[in-house]
Amino acid sequence: MNKKHRMFIRMVMASLVRRRSRMIVALLAVVVGATILSGLEMIYYDVPRQMSAQFRSYGANVIFTPSGEGYIRPEDLEKGAAQFSSEELEGYTPYRYENTKIHNMPVTLAGIDFDSVLKTSPYWHISGSMPSLDGETLVGAKVAESLGIKEGDDITAVNTFEVTSETDTSDIPSYELYTDPESGETYCDHELDLHVSGILETGGSEEEYIYVSLKDAAALTISERGYDIVELSVAAMQDELSETVEKINGSSVGLSAKLVKRVTASESTVLTKLQSLVFIVTSVVLVLTMICVATTMTAVITERRKEIGLRKALGALNSSIIAEFMSEGLVLGGFGGVIGSVFGYYFAQFVSMNVFSSSITFRPLLIPITIAASVLVTGLACLIPIRSAVDVDPALVLKGE
Amino acid sequence: MFFRMVRGTFARQWKKMLMIAVTVALGASIATAMLNVMLGVGDKINEELKTYGSNVTVVPQSEAVISKLYNVENGDVQTEFISQDKLGELLTIFWANNITDFAPVNDTTVTLDSSEVKLVGTWFNHHMEFVKKGTTYQRDTGIINLRSWWDIEEGGWLDEQQSSGDEYAMVGSQLAKDKGISAGDTLRVKGENGEEELVVAGVFESGDDEDDCIYTTLSAEQRLTGTNDLIKKVEVSAITSPDDELAVKAARNPSLLSGDEYDLWYCTAYVSSICFQIQEAIPEASASAVRQIADSEGKILEKTQLLMTLITFLSLLGATLGISNLVTSGVMERSAELALLKAVGAKNGQITLLVLTEITITSIIGAAAGYFMGYAFAQIIGQTVFSSSIEMSGMVAFIVVVLVIAVTLVGSIPAVRMLLRLRPSEVLHGGH
Numbered sequence: 001m002n003k004k005h006r007m008f009i010r011m012v013m014a015s016l017v018r019r020r021s022r023m024i025v026a027l028l029a030v031v032v033g034a035t036i037l038s039g040l041e042m043i044y045y046d047v048p049r050q051m052s053a054q055f056r057s058y059g060a061n062v063i064f065t066p067s068g069e070g071y072i073r074p075e076d077l078e079k080g081a082a083q084f085s086s087e088e089l090e091g092y093t094p095y096r097y098e099n100t101k102i103h104n105m106p107v108t109l110a111g112i113d114f115d116s117v118l119k120t121s122p123y124w125h126i127s128g129s130m131p132s133l134d135g136e137t138l139v140g141a142k143v144a145e146s147l148g149i150k151e152g153d154d155i156t157a158v159n160t161f162e163v164t165s166e167t168d169t170s171d172i173p174s175y176e177l178y179t180d181p182e183s184g185e186t187y188c189d190h191e192l193d194l195h196v197s198g199i200l201e202t203g204g205s206e207e208e209y210i211y212v213s214l215k216d217a218a219a220l221t222i223s224e225r226g227y228d229i230v231e232l233s234v235a236a237m238q239d240e241l242s243e244t245v246e247k248i249n250g251s252s253v254g255l256s257a258k259l260v261k262r263v264t265a266s267e268s269t270v271l272t273k274l275q276s277l278v279f280i281v282t283s284v285v286l287v288l289t290m291i292c293v294a295t296t297m298t299a300v301i302t303e304r305r306k307e308i309g310l311r312k313a314l315g316a317l318n319s320s321i322i323a324e325f326m327s328e329g330l331v332l333g334g335f336g337g338v339i340g341s342v343f344g345y346y347f348a349q350f351v352s353m354n355v356f357s358s359s360i361t362f363r364p365l366l367i368p369i370t371i372a373a374s375v376l377v378t379g380l381a382c383l384i385p386i387r388s389a390v391d392v393d394p395a396l397v398l399k400g401e
Numbered sequence: 001m002f003f004r005m006v007r008g009t010f011a012r013q014w015k016k017m018l019m020i021a022v023t024v025a026l027g028a029s030i031a032t033a034m035l036n037v038m039l040g041v042g043d044k045i046n047e048e049l050k051t052y053g054s055n056v057t058v059v060p061q062s063e064a065v066i067s068k069l070y071n072v073e074n075g076d077v078q079t080e081f082i083s084q085d086k087l088g089e090l091l092t093i094f095w096a097n098n099i100t101d102f103a104p105v106n107d108t109t110v111t112l113d114s115s116e117v118k119l120v121g122t123w124f125n126h127h128m129e130f131v132k133k134g135t136t137y138q139r140d141t142g143i144i145n146l147r148s149w150w151d152i153e154e155g156g157w158l159d160e161q162q163s164s165g166d167e168y169a170m171v172g173s174q175l176a177k178d179k180g181i182s183a184g185d186t187l188r189v190k191g192e193n194g195e196e197e198l199v200v201a202g203v204f205e206s207g208d209d210e211d212d213c214i215y216t217t218l219s220a221e222q223r224l225t226g227t228n229d230l231i232k233k234v235e236v237s238a239i240t241s242p243d244d245e246l247a248v249k250a251a252r253n254p255s256l257l258s259g260d261e262y263d264l265w266y267c268t269a270y271v272s273s274i275c276f277q278i279q280e281a282i283p284e285a286s287a288s289a290v291r292q293i294a295d296s297e298g299k300i301l302e303k304t305q306l307l308m309t310l311i312t313f314l315s316l317l318g319a320t321l322g323i324s325n326l327v328t329s330g331v332m333e334r335s336a337e338l339a340l341l342k343a344v345g346a347k348n349g350q351i352t353l354l355v356l357t358e359i360t361i362t363s364i365i366g367a368a369a370g371y372f373m374g375y376a377f378a379q380i381i382g383q384t385v386f387s388s389s390i391e392m393s394g395m396v397a398f399i400v401v402v403l404v405i406a407v408t409l410v411g412s413i414p415a416v417r418m419l420l421r422l423r424p425s426e427v428l429h430g431g432h
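From first to last, the protein sequence lines are chains H and F. Just so we're aligned, residue 1 is where the first sequence starts under the numbering used here, counting upward by one. Just so we're aligned, residue 1 is where the second sequence starts under the numbering used here, counting upward by one.
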């Protein structure tokens, strides 16, 4: 490093240190600008992911149905569900439906997994509690109303099915079997005692069923079989979902997947609007903030016209004056950018924790972008006033005009 | 003398003053735009959320659940209905303007080519008029906006207001595929009470079990089933406020609320108060919230509003720091001038008053310009994102003016005080 360079660096640093109060004003402006830039950038990139998780409160957006006749086998369900990345897949609930009788009234009974059902139907309102043990049941509000069932009641579900020579009768107590005198066919009236742990309110057709665990459904019908339908909740946009759905339908997995259009189409409409809202807001705020930074820098430089005049009178070249002032500006921009990135990250984190109660994804790439943008804006903001300042005749400036 | 000096400053130092005014204007425009967007975003997002379809369903009071449960074996035995001329009452409730769309939905089973098919009679783009106590209520409403997720695969939406003699229908994609139906075909369907010929206006894909249905006009369905002027179910889409504690309390039993609470609940667009008002207007009906839609709407709305509030907060903070920063440096710059004033005998109070007057006038001019810029920015945001304008709130103008004046004073007073502590001789000598 030669003498000239060392002198240059000393002048830049000395100017920054000695003119402390002015430089703090300028630095503060750059830091505020960079904070807003990096904070909003992070929020903008994270909003789709965070909001998408919120939209899962609409419940299942993909369903699996058996391909052709029959049922979905558990191993096929595993394979199908594995096509979605485990981060995106919020949960899935298999359903098997059976016709049953309660108080001699026909009711449809659904065997489900109580642990995962709130993942795919978060809007379920339960008065009472979610069944946690075998032998407990959740009763839809409409069934409860028409059959006069209350929370805490004990009910008996009766399943009647035909017994043929192929049926394994070893588990069926003999008193449950009877023969229809007209047709000569044998039927079984298998009973299951259930304790009502809660009443389900949704305002939709879900209220017309009663729910038991898959194990109880198998016990009631004395048959282990697959599922009729599986609901999945996946935190992903419509395009990505339809790709995966086509992939599943194209593969040899024994089920067919469908998008719940009502949920996916509406979600992508609303999410696109939200994202463009944040985008437009971010750009408007950024442009205005950048202009604010620029006016502050302009004010700081304009103040130093006298100094520039003096330099010129002492014989400094225009180019070296520009280089020196610009480096000052760039150092400021760099510092401001670094400090602003840190503040911006904390701000974005604060927003994310408060709004979505989950931490923001740290994107390292945004830091160099923020620093580069703040250096660029500060540099541009300095360039214009410096150029007009060096054009001035030193005699006039020093005389005080 | 005082005013001459103020005028002098503006005449001679207009460049510096302009710079301050521009920064204040930029800051004020951020504040105006963001505050207006923040206040308006709830309504806008709420309208967007209407794409999820209806959030309230209205059914006859004691709609026999049994009929639905027996449906498994005995077919339709619905015995209770809402009378069709009562539907207009929906337009008279307190929150009628929040009801964006509603449509009666009558479903029945008909025979098409010797197989049983579900048929739904409804309004598509129905024009309704309702006269009550001499006032005429009018509304164009129907299922088109309640099924915004439908993909029309062939043909188009059924237009109820066209005047050819034919009855039209729309067919679900799965049914169309199974039966080889395409737009323009004529379907002959047989109901309990007669036969109808329906011309297929379009084929739609819905992605759920409606893909196996025929949708037709309400009158055609009523002729098929012989249920003239009777409605089985109404789907209502209403703009609602997210539920809070009061709404939860009211949902249990409105009569347990105290008088004030009741008034507040009744006059807030909670989904429960809208349901309550619908039941008041149509006593034989029971209105209930579709939890899947109502709950989720509330959640998303709340999150969006909170997000915008925090972004607004950051922008305001940035704007105020920017303004106070420039104001401070603007005052510091004038050290020589202020020292001279002091040297010729001006009192500290006079100097402070002079500087503050000048800077406040500049700020107010800047704030006024900024308010209108902010108005423009808010409209740009509204038009780009939601294709509708954002309403300007008078409160925002007030907040912005107060904020700008406060920030200006906070930014300049410490700087003036610091300058006044300096000794004039030192400043004028150039030793700072």
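Just so you know, these hints were derived from the structure itself, not from any lab. Treat the hints loosely; a few may be bogus.
Below, simulated BS3-like cross-link-like pairs (lysine-lysine); rule was C-alpha separation at most 30 Å, straight line [stated by the list, open to error]:
(1) F:Lys179 x H:Lys247
(2) F:Lys16 x H:Lys312
(3) H:Lys273 x F:Lys347
(4) F:Lys86 x H:Lys312
(5) F:Lys118 x H:Lys101
Problem - Hinted pair lysine 179 (chain F) and lysine 247 (chain H), Cα distance within 30 Å - result: 27 Å, holds
Exercise for the section: Take the C-alpha atoms of lysine 16 (chain F) and lysine 312 (chain H), compute the straight-line distance between them, and say whether it is at most 30 Å. Expected result: The hint holds at about 24 Å.
Exercise for the section: Below or equal to 30 Å on CA atoms is what counts here, so check lysine 118 (chain F) against lysine 101 (chain H). Expected result: With a Cα-Cα distance of about 26 Å, the restraint between lysine 118 (chain F) and lysine 101 (chain H) holds, given a limit of 30 Å.
Problem - Pairwise hint evaluation, lysine 347 (chain F) against lysine 273 (chain H), where the allowed Cα distance is 30 Å at most - result: The given pair, whose Cα atoms are some 58 Å apart, is violated under the 30 Å limit.
Problem - Pair hint outcome, lysine 86 (chain F) versus lysine 312 (chain H) [Cα-Cα no greater than 30 Å] - result: 89 Å, violated
When the structure is compared with the earlier hints, violations turn up for hints 3, 4 and for no others.
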